[in-house]
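**Q** Generate coordinates for the entire structure from the input sequences, incorporating the hints supplied.
Below, each chain spelled out in residue letters.
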Amino acid sequence: MITSKSELEILLERIGNFDAPKLKLEQYRLPAPAAAEILWYIGLRHKDLEGRIVGDLGCGTGMLTAGAALMGADYVVGVDIDAPALSKARGVVEKFRLGDRVDLLMCGVNDLSISVDVIIQNPPFGIREREADRAFLKAGIRAGQTVYSLHRGDEGVRKFIGSYVRDLGGKVDEILPLNIKLPPTYHFHKKKFHEFDVDLYRIVRGTC
Amino acid sequence: MKRRLLEILACPMCKHHPLELKVFDEKQEIEEGVLMCEGCGRWYPIIETIPHMLPDDLREEIEDKDFLKKWKKELPKRVLAKGKPFNLEE
Numbered sequence: 001m002i003t004s005k006s007e008l009e010i011l012l013e014r015i016g017n018f019d020a021p022k023l024k025l026e027q028y029r030l031p032a033p034a035a036a037e038i039l040w041y042i043g044l045r046h047k048d049l050e051g052r053i054v055g056d057l058g059c060g061t062g063m064l065t066a067g068a069a070l071m072g073a074d075y076v077v078g079v080d081i082d083a084p085a086l087s088k089a090r091g092v093v094e095k096f097r098l099g100d101r102v103d104l105l106m107c108g109v110n111d112l113s114i115s116v117d118v119i120i121q122n123p124p125f126g127i128r129e130r131e132a133d134r135a136f137l138k139a140g141i142r143a144g145q146t147v148y149s150l151h152r153g154d155e156g157v158r159k160f161i162g163s164y165v166r167d168l169g170g171k172v173d174e175i176l177p178l179n180i181k182l183p184p185t186y187h188f189h190k191k192k193f194h195e196f197d198v199d200l201y202r203i204v205r206g207t208c
Numbered sequence: 001m002k003r004r005l006l007e008i009l010a011c012p013m014c015k016h017h018p019l020e021l022k023v024f025d026e027k028q029e030i031e032e033g034v035l036m037c038e039g040c041g042r043w044y045p046i047i048e049t050i051p052h053m054l055p056d057d058l059r060e061e062i063e064d065k066d067f068l069k070k071w072k073k074e075l076p077k078r079v080l081a082k083g084k085p086f087n088l089e090e
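Protein chains in written order, with our numbering: chain A, 1 to 208; chain B, 1 to 90.
Heads up, a few of these hints could be off.
[Claimed, not checked] Simulated restraints on C-beta separations:
1. A/Asp-19 to B/Phe-24: 44 to 52 Å
2. B/Asp-56 to A/Asp-167: 27 to 35 Å
3. A/His-189 to B/Arg-78: 36 to 44 Å
4. A/Gly-91 to B/Glu-60: 20 to 28 Å
5. B/Ile-62 to A/Asp-19: 39 to 47 Å
[What the hints assert, rightly or not] With a straight-line cut-off of 27 Å between C-alpha atoms, the simulated BS3-like cross-links for lysine-lysine are:
6. B/Lys-2 to B/Lys-77
7. A/Lys-159 to A/Lys-171
8. A/Lys-47 to B/Lys-2
9. A/Lys-159 to A/Lys-181
10. B/Lys-77 to B/Lys-15
11. B/Lys-82 to B/Lys-69
12. B/Lys-15 to B/Lys-65
13. B/Lys-84 to A/Lys-171
14. B/Lys-72 to B/Lys-27
15. B/Lys-15 to A/Lys-138
16. A/Lys-95 to B/Lys-65
17. B/Lys-65 to B/Lys-84
18. A/Lys-95 to B/Lys-27
19. B/Lys-2 to B/Lys-65
20. B/Lys-2 to B/Lys-22
Note that these hints are calculated values from the structure, not bench results.
Predicted, not measured: the structure shown is a model, and the values here were computed from it.
Think of the CB as a built atom: it goes at the ideal place given N, C-alpha and C, for glycine as much as any other residue.
**A** Here is the structure:
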């Protein structure tokens with residue numbers, strides 16, 4: 001069992017990046033410090049990981065999937081549409097010996113039909129594929145009683161998500177602002193670090 | 001794939017639950033197998049432990065038929081003859 005956030009961060013640092021990140025899917029490796037911050041918040045502040053059934057939509061190489069299992073989730077299902085990402089995630093699950101509590105699933109969010117306690121997701125921001133973020137919110141709220149979803153940190157985005165989630169029968173319960181420092185992932189990332197603000201939304205279904 | 005996935009997973013196309021599982025190869029977990037939907041007659045392959053739950057328009061006919069041929073002896077006749085979206089007879 002993990003006893004500190006820094007211990008979790010050190011473990012997550014061992015998770016590799018995408019071999020060839022796809023811009024269309026807005027693939028990027030969530031940096032380990034941010035992932036640890038998010039998982040610590042979900043697991044300790046809200047007690048939404050230990051013993052729970054968790055789904056990770058758009059799991060990529062398995063950062064949050066493995067992290068949720070390391071934090072004591074009873075069962076985690078990582079879902080992604082991208083075969084190379086899933087095969088990387090499978091390697092991560094094996095490396096951490098989490099195979100008995102983690103399943104991976106190839107499926108797109110629009111078609112996904114699962115039912116879990118908690119969803120964690122780092123969806124595309126919808127910059128490359130318009131409204132990709134909406135599809136994830138819709139799928140997340142359909143699949144989980146409680147949803148943790150990461151979005152661009154922006155006043156307009158907050159307003160939009162608040163009302164969009166309400167229309168889907170959920171409620172934004174809390175927002176955790178975070179800053180992400182990304183090593184260059186795409187050719188247009190010219191700086192040593194690509195830094196941006198994000199918000200982690202805690203969304204609860206059916207409370208309005 | 002572990003069997004407990006069946007408890008929480010429904011057919012991506014018709015939303016029927018539960019799906020029926022047939023295992024072809026199992027080590028620590030299910031390596032190869034098929035998930036079948038009683039509701040709409042679709043089947044979904046499990047390849048290298050990962051269920052591929054794709055809608056019809058994202059499936060590859062050639063790969064799907066190769067999978068059916070590979071496990072022909074293990075697959076139920078109804079999948080081979082009438083399975084959706086692809087089968088070996090229609």
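**Q** Each of the hints needs a verdict: does it hold here or not?
**A** Hints, verified against the model:
1. Separated by about 29 Å at the C-beta atoms, A/Asp-19 and B/Phe-24 break the suggested range of 44 to 52 Å.
2. Range check, B/Asp-56 to A/Asp-167: about 29 Å between beta-carbon atoms, so the 27 to 35 Å window is met.
3. At roughly 52 Å, the beta carbons of A/His-189 and B/Arg-78 sit outside the given window of 36 to 44 Å.
4. In this structure the hint that A/Gly-91 and B/Glu-60 lie 20 to 28 Å apart at CB holds, the actual value being about 24 Å.
5. The hint said 39 to 47 Å for the Cβ distance between B/Ile-62 and A/Asp-19, and at roughly 25 Å that hint is violated.
6. For the hint pairing B/Lys-2 with B/Lys-77, the CA-to-CA distance comes to about 25 Å; that is within 27 Å, so the pair holds.
7. Proximity of A/Lys-159 to A/Lys-171 is assessed by CA-CA distance (about 12 Å); at most 27 Å being required, the pair is judged to hold.
8. Proposed proximity of A/Lys-47 and B/Lys-2 is supported: the alpha carbons are some 25 Å apart, at most 27 Å.
9. Between A/Lys-159 and A/Lys-181 the alpha-carbon distance is near 25 Å, which keeps this suggested pair within the 27 Å criterion.
10. Taking the CA atoms of B/Lys-77 and B/Lys-15, the gap is near 23 Å; set against the 27 Å cutoff, the hint holds.
11. For the hint pairing B/Lys-82 with B/Lys-69, the CA-to-CA distance comes to about 14 Å; that is within 27 Å, so the pair holds.
12. With a C-alpha separation of about 24 Å, the suggested pair B/Lys-15 and B/Lys-65 falls inside the 27 Å cut-off, and the hint holds.
13. With a C-alpha separation of about 39 Å, the suggested pair B/Lys-84 and A/Lys-171 falls outside the 27 Å cut-off, and the hint is violated.
14. Our distance criterion of 27 Å between C-alpha atoms is met by B/Lys-72 and B/Lys-27, whose separation comes to about 20 Å.
15. Distance check on the hinted pair: B/Lys-15 and A/Lys-138 sit about 16 Å apart at the alpha-carbon level, within 27 Å; holds.
16. Among the hinted pairs, A/Lys-95 with B/Lys-65 is inconsistent with the structure: their alpha-carbon atoms are about 33 Å apart, more than 27 Å.
17. Of the pairs offered as hints, the one joining B/Lys-65 and B/Lys-84 holds, with about 11 Å between alpha carbons and a cut-off of 27 Å not exceeded.
18. A hinted pair counts as satisfied when its Cα atoms are at most 27 Å apart, and A/Lys-95 with B/Lys-27 qualifies at roughly 17 Å.
19. The suggested pairing of B/Lys-2 with B/Lys-65 holds, with an alpha-carbon distance near 25 Å, which does not exceed 27 Å.
20. Between the alpha carbons of B/Lys-2 and B/Lys-22 the distance comes to roughly 12 Å, so the proposed pair stays at or under 27 Å and holds.
Violated hints, in rising order: 1, 3, 5, 13, 16; the structure is consistent with all others.
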